[in-house]
Amino acid sequence: DVKVTQSSRYLVKRTGEKVFLECVQDMDHENMFWYRQDPGLGLRLIYFSYDVKMKEKGDIPEGYSVSREKKERFSLILESASTNQTSMYLCASRETSYEQYFGPGTRLTVT
Amino acid sequence: RKEVEQDPGPFNVPEGATVAFNCTYSNSASQSFFWYRQDCRKEPKLLMSVYSSGNEDGRFTAQLNRASQYISLLIRDSKLSDSATYLCVVIPYTGGFKTIFGAGTRLFVKA
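Sequence lines, in order, name chains A and B.
For the first sequence, this note's numbering gives the first residue as 1, with consecutive numbering after it.
For the second sequence, this note's numbering gives the first residue as 112, with consecutive numbering after it.
Check each hint, because a few of them may be wrong.
Which residues of chain B face chain A? A partial, calculated answer using Cβ under 8 Å [what the hints assert, rightly or not]:
1. Pro119
2. Asn123
3. Pro155
4. Met159
5. Phe212
No wet-lab data here; the hints were simulated from the structure.
Just so it is clear, CB atoms sit at the ideal spot from N, CA and C, and this is done for glycine as well.
Produce the entire structure from the sequences given, and follow the hints as far as they go.
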């Protein structure tokens, strides 16, 4: 079974803090993704990576950056957290097929 | 206009009922289509792909109508365990990374 894990299920941070969300997959997938999910808006792509050290902006990259130093690990960084970044963050990975495997999600609250 | 639109519901149906959801997409060149299922406070998981000729998986039937640009999901003999949010997913370009998720349709199946 493919396993995608995320570092935290719940996180509470203060405005202005730097926040790191980590994602690890164990299936040697090339492609990894970070989404945020908000009620009524569905999943929106923040960034994706198709190889180590390679990254591409998704639909809503502002206020976020990513790092992929190892194939299995894809990190999302909020440089200076703001209240409008309160959301559910989902990491996913996939190989050549289109099926995406999601991690359990991190519910981030910024106060 | 959203690229992928779904009726948010909720659909409240009794056990044993047949229920159908539609999803419309705006890009007529879209290539691949899927239904994902998301349980409350869980990550999305692939339910089934949608093929041009239509396809069935047990009690679930998926259809694609390219002329009208919609896909549908039919659930027969609903079970309590079918209660979830169903996400319509469209991949606009063959081989591309972009994946567009609908906001989801909530289904409640009641005893």
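Against the structure, the hints come out as follows:
{"no.": "1", "hint": "Pro119", "result": "holds (7 Å)"}
{"no.": "2", "hint": "Asn123", "result": "violated (19 Å)"}
{"no.": "3", "hint": "Pro155", "result": "holds (5 Å)"}
{"no.": "4", "hint": "Met159", "result": "violated (10 Å)"}
{"no.": "5", "hint": "Phe212", "result": "holds (4 Å)"}
Checked against the numbered hints listed earlier, the structure breaks hints 2, 4; every other hint is satisfied.
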